[in-house]
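Generate the whole structure from the sequences, applying the supplied hints.
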Amino acid sequence: MFGFISIAVIAALGFAAFNYFAVKKMDNGNEQMIEIAGAIEDGSKAFIRYEYKIIAIVAFAIAILLSLVVSWHTAVTFILGAVMSASAGWIGMKIATLANVRVTNTAKETRSIGATLKVAFRGGSVMGLCVGGFALLGLGIIYFVFGKVLGQTSPEQLQIHTNWLGIADIPFTMTVSGYALGCSIIAMFNRVGGGIYTKAADMGADLVGKTEAGIPEDDPRNPATIADNVGDNVGDVAGLGADLLESFVGAIISSVVLAAYMFYTGNKIGSPLDSELVVKLIYFPVLFASIGLISSIIGVFTLIARKVSAHPHRELNIATWVSASLTLILTGIFTWYYFKGSDVAQAGFKAGVFSPWIAAIMGIVSGIIIGQLAEYYTSYDFKPTGKIAEASCEGTALTITQGLAAGMTSVFAPVVMLAVAIIAANAVAGLYGVAMAAVGMLSFVAATVSVDTYGPIADNAGGISEMAKLDPEVREITDKLDSVGNTTAAIGKGFAIGSAALAALSLFASFLYAQKGANIDEGFSLVLNMINTMTLAGALVGAALPYLFSGILIEAVAKAARSMVQEVRRQFKEMPGILTGEEKPDYKTCIEISTKGSIREMVLPALISVSMPLICGFIFGADFVGGLLIGTTLSSIMLALFTANSGGAWDNAKKYVEQGHYGGKGSDIHKAAVVGDTVGDPLKDTVGPSLDILIKIMAVVSLISVSIFGKYNLFSIFGW
Amino acid sequence: MIYYYLTIYPMEALVASQLEPKKFASYMALGSRKGSAEQLAFMTVTPDCSNSFDWKHAIEHCKPHPDGKLKNSVYLSIYRVLEHIPLEALGTCYLVTKDGLSLPIEKMDYAKCGNSEPFSLYQEICPVSPLTISSLKPVEFAEYIINGSGKISLPAIIFADIGIIDFDDMENSGNVGGFYDHNTEHLKECISEIQERDGKKTKIVDRSYASRFSYQVIGKGIFAARENEIVYYPMPGREELKKIDYDWGRSALIF
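Going line by line, the protein sequences match chains A and B.
Number 254 in the working numbering belongs to position 244 of the first sequence; there are no gaps in the numbering.
Number 227 in the working numbering belongs to position 225 of the second sequence; there are no gaps in the numbering.
Hints listed in this document are in silico derivations from the structure and should not be mistaken for laboratory results.
Note that CB positions come from ideal geometry on N, CA and C, so glycine has one too.
Each hint should be verified, as a subset may be incorrect.
As the list claims (entries may be wrong) - Keeping only pairs whose Cα atoms sit at most 27 Å apart, straight-line, the calculated DSSO-like set for lysine-lysine is:
#1 594(A) to 569(A)
#2 158(A) to 350(A)
#3 190(B) to 594(A)
#4 100(B) to 479(A)
#5 479(A) to 114(B)
#6 393(A) to 665(A)
#7 583(A) to 569(A)
#8 100(B) to 681(A)
#9 244(B) to 479(A)
#10 594(A) to 55(A)
#11 190(B) to 220(A)
#12 594(A) to 71(B)
#13 594(A) to 244(B)
#14 681(A) to 190(B)
#15 397(A) to 24(B)
#16 397(A) to 100(B)
#17 202(B) to 594(A)
#18 583(A) to 71(B)
#19 583(A) to 244(B)
#20 490(A) to 245(B)
#21 598(A) to 397(A)
#22 393(A) to 158(A)
#23 681(A) to 665(A)
#24 220(A) to 100(B)
#25 55(A) to 606(A)
#26 190(B) to 490(A)
#27 34(A) to 220(A)
Claimed, not checked - The following residues of chain B were derived to be distant from chain A, with all beta-carbon distances above 12 Å:
#28 5
#29 99
#30 153
#31 195
#32 221
#33 244
Rendered as structure tokens:
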């Protein structure tokens, strides 16, 4: 079993290392290209270093608290999670900054879309494989050390234990939750910090450079252009990778926690589960994910190893479909082999040994459909975005109105899809099935992250080719790859939201189990009582929380963007030689503004996400937090879909106009579309992705701390 | 060395400068300190081509500053400048974007202009700037404006031929900027009038369209005409422009 996980991890990280060095040894172009890429790399490193220093302090404090209040193993796994996620983010950012210039140079040398695509995808695959590899490496270590060596997965230890504070929990559930929390902390900082950084730089570059000074996108005369490219790496590479790693881990651990509580509950209510089956259920998600990782390696390999066509979108789809199809087939065979002979009906499996596999397929299918729906609502090939472009003919107000309409409408279908997946997964395999649906959706995460990371690398490559003033033919190649990246990003966001929702709901179910803890008795049923005023009040507050969180984030972006706008204006005014090309802009100051601004501004939203369940829990108790979680989860899913899709639609409506529709660039319609895009920018790239993390981090924090505030809270202490 | 420039858009003026054309273009668009961003067009002019201007004034005042910096501009004349400059004295035409990039266009024999469409849209640039629809070819249009037989007459004119889009398919207009943003119904009516009314050869579409003029809409090119004379500055097509100066094309929002 461990051998199988090890093979998957070694294969993934080994292949990532191979691709890393293969990209690194490629020629990085002429002096100018090297200089530009060097500035982007330095800026990205400076941000990540700065950010990781802050995270280290926060993580250290949390680890001490966990070791004192929960257990030392939770603290250790928390640090392990943070290290794994941070490592994946760092390597992803590193390869993105190495690959960007090599992609540009490949376009310059070969003039081939296919060859250039391969380099960009090879770069992206390093991040994808690291996300899958590091997530499973950490889990593998936990399963081996805590599960096997310390025996936490043995039936004897799958019981409620009480610590010195009187806090009761099943040790292994806390061990894996600590790991998830470590991943969540990195994801929160990377996503929020990166999201603020990237949009502040982007808006600063556009609002002054493009709109006021009339200089084109990625023009080297724009002081904020390097910061804009740095933003792609820290937000869209490191941020996205950490986000999906966290979802991946969250989905796996929620199944594990559920299995452990199912076992414990079964014993307490007089319908015990076979101990061998429980151990199987605990190991199944990790093994399932390992197969997904191996399938992803093959999927990635199919694109890298062969000669690819000049149709990037088709090629990327092939890599994803190969990964998904292989995952489907191999996990089907594995599930049958793994559970054959077990009495799976005990676990509530209604479709025999294939039940958890069918549930996982529900996740895969719903993930793909949600991704396609995201494309439908955000691509200019379809009506919703086309309507926004058309509405722009009537002015800015209607651009905004139509975009809001598209965003709001876009929420319904994916949510129905999620509901269908949840009902179906629950019907075949109970709540464990819902968790497995999340695992299924993310099982080939290495492939989807590879495709998603390809986007910002291609975007950076386009920026470098513009800044280095390469031939139009080269710029056209990188532009084409970049535009495909925009589509994959929209699909990726849909996937991220869908998987986050399923993972959060599974974690929520685990929370309800953990809330009962040792009090589970024969009359126990897993119910969230919405008539309970505490729960209802919590749900209300929870539903409002994503709006507060989003408002703070948008304000943070606006604040950082304003500083950037003022700096770019200052440079143009004080250094008139910049625009004539006689003077070099001060890129570093812009990078510093984005870095400091985003680090400063990310603290409050990050603190809210971690502290809200704790504050509410210690004041109002577990029922309130249960309501808070469900309220936040439901509200966040809607808001995340709305923000991601409306922002994406506004962005692509502008791109559609820029392609020479309704007057194209410079027309009043274009100006209206640009306003829509600017409004949508912080929504789709900062708020939407950060909401994914908000729901998961709140669920994990609540899961870990419910046994504490369930016992110690103001309301129960004073007997209210 | 002193260069002489006839700025034709947005203001008609004769300017002497020590800056060579590309630098002059950048200076005029961006200013030296004021931080402006202005689209403009100008043509180089052979010195001493006319007695109407004080060339000596230019030589006396167009000298480097005490710190050695070159003199940016000395205005020799504004208002009614073009009419005093013979066409053979006009050199390269520079189209300058608001971020200071310039595209030089050399003049060419009018015969190479090619066949005209049944009607043309002309943006008059200098000295007046209405938008006119006409069934006349550029040379005939110039003659019509210059010959003095009508009430409306000019001694010389610079105008651009505007590419006409399919008004029934605005969605696929191409990158034409804000030129066709407003009042296309009126433009369509004017076109119909030219086509359908016998004897109606030209019609002013709008007196103030010049503010929406952009390089994106220039069709065949720019024409400069005096009595019995016309010169032609051909606008490069997209593919040609890509090869000549892609960055200018991006700044001009053509790409």
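Tested hints:
1. Restraint check: the Cα-Cα separation between residue 594(A) and residue 569(A) comes to about 26 Å, which is no more than 27 Å; the hinted pair holds.
2. Among the hinted pairs, residue 158(A) with residue 350(A) is consistent with the structure: their alpha-carbon atoms are about 23 Å apart, no more than 27 Å.
3. With a C-alpha separation of about 48 Å, the suggested pair residue 190(B) and residue 594(A) falls outside the 27 Å cut-off, and the hint is violated.
4. Proposed proximity of residue 100(B) and residue 479(A) is supported: the alpha carbons are some 19 Å apart, at most 27 Å.
5. At most 27 Å may separate the alpha-carbon atoms for a hinted pair to count; residue 479(A) and residue 114(B) exceed this at roughly 33 Å.
6. A hinted pair counts as satisfied when its Cα atoms are at most 27 Å apart, and residue 393(A) with residue 665(A) qualifies at roughly 15 Å.
7. Only pairs whose Cα atoms come within 27 Å are accepted, and residue 583(A) paired with residue 569(A) is accepted, the gap being roughly 21 Å.
8. Taking the CA atoms of residue 100(B) and residue 681(A), the gap is near 16 Å; set against the 27 Å cutoff, the hint holds.
9. With a C-alpha separation of about 12 Å, the suggested pairing of residue 244(B) with residue 479(A) holds against the 27 Å cut-off.
10. With a C-alpha separation of about 22 Å, the suggested pair residue 594(A) and residue 55(A) falls inside the 27 Å cut-off, and the hint holds.
11. For a cut-off of 27 Å, the pair hint linking residue 190(B) to residue 220(A) is broken: about 33 Å separates their Cα positions.
12. With a CA separation close to 20 Å, the supplied pair residue 594(A) and residue 71(B) stays within the 27 Å bound.
13. A threshold of 27 Å between alpha carbons decides the hint, and for residue 594(A) with residue 244(B) the separation of about 26 Å falls inside it, so the pair holds.
14. The suggested pairing of residue 681(A) with residue 190(B) holds, with an alpha-carbon distance near 24 Å, which does not exceed 27 Å.
15. Proposed proximity of residue 397(A) and residue 24(B) is contradicted: the alpha carbons are some 42 Å apart, above 27 Å.
16. Proposed proximity of residue 397(A) and residue 100(B) is contradicted: the alpha carbons are some 31 Å apart, above 27 Å.
17. Annotation: proposed proximity of residue 202(B) to residue 594(A) is violated, straight-line Cα distance about 56 Å (limit 27 Å).
18. For a cut-off of 27 Å, the pair hint linking residue 583(A) to residue 71(B) stands: about 19 Å separates their Cα positions.
19. With a C-alpha separation of about 31 Å, the suggested pair residue 583(A) and residue 244(B) falls outside the 27 Å cut-off, and the hint is violated.
20. About 19 Å separates the Cα atoms of residue 490(A) and residue 245(B), which keeps this hinted pair within 27 Å; it holds.
21. A distance of roughly 40 Å separates the Cα atoms of residue 598(A) and residue 397(A); the hinted pair therefore is violated under the 27 Å criterion.
22. Of the supplied pair hints, the one linking residue 393(A) and residue 158(A) is violated, its CA atoms being roughly 55 Å apart against a limit of 27 Å.
23. Distance restraint check for residue 681(A) and residue 665(A): the Cα-Cα separation of roughly 12 Å lies within the 27 Å cut-off, and the hinted pair is therefore satisfied.
24. With a C-alpha separation of about 11 Å, the suggested pairing of residue 220(A) with residue 100(B) holds against the 27 Å cut-off.
25. Of the pairs offered as hints, the one joining residue 55(A) and residue 606(A) holds, with about 14 Å between alpha carbons and a cut-off of 27 Å not exceeded.
26. This hinted pair does not check out: residue 190(B) and residue 490(A) have alpha carbons roughly 36 Å apart, beyond 27 Å.
27. Proximity of residue 34(A) to residue 220(A) is assessed by CA-CA distance (about 33 Å); at most 27 Å being required, the pair is judged violated.
28. Against chain A, the non-interface label of residue 5(B) holds: every CB pair exceeds 12 Å, the least being about 17 Å.
29. Annotated as non-interface, residue 99(B) brings its C-beta within 12 Å of a C-beta of chain A; the closest such distance is 7 Å.
30. Every Cβ of chain A is farther than 12 Å from the Cβ of residue 153(B); the closest lies at roughly 35 Å, confirming the non-interface assignment.
31. Distance check on residue 195(B): its Cβ is at least 24 Å (rounded) from any Cβ of chain A, clearing the 12 Å threshold; non-interface status holds.
32. In this structure residue 221(B) is separated from chain A by more than 12 Å, as the shortest Cβ-Cβ distance comes to about 16 Å.
33. Its closest Cβ contact with chain A, about 5 Å, brings residue 244(B) to no more than 12 Å, contrary to its assignment away from the interface.
Hints 3, 5, 11, 15, 16, 17, 19, 21, 22, 26, 27, 29 and 33 from the earlier list are contradicted by this structure; the remaining hints agree with it.
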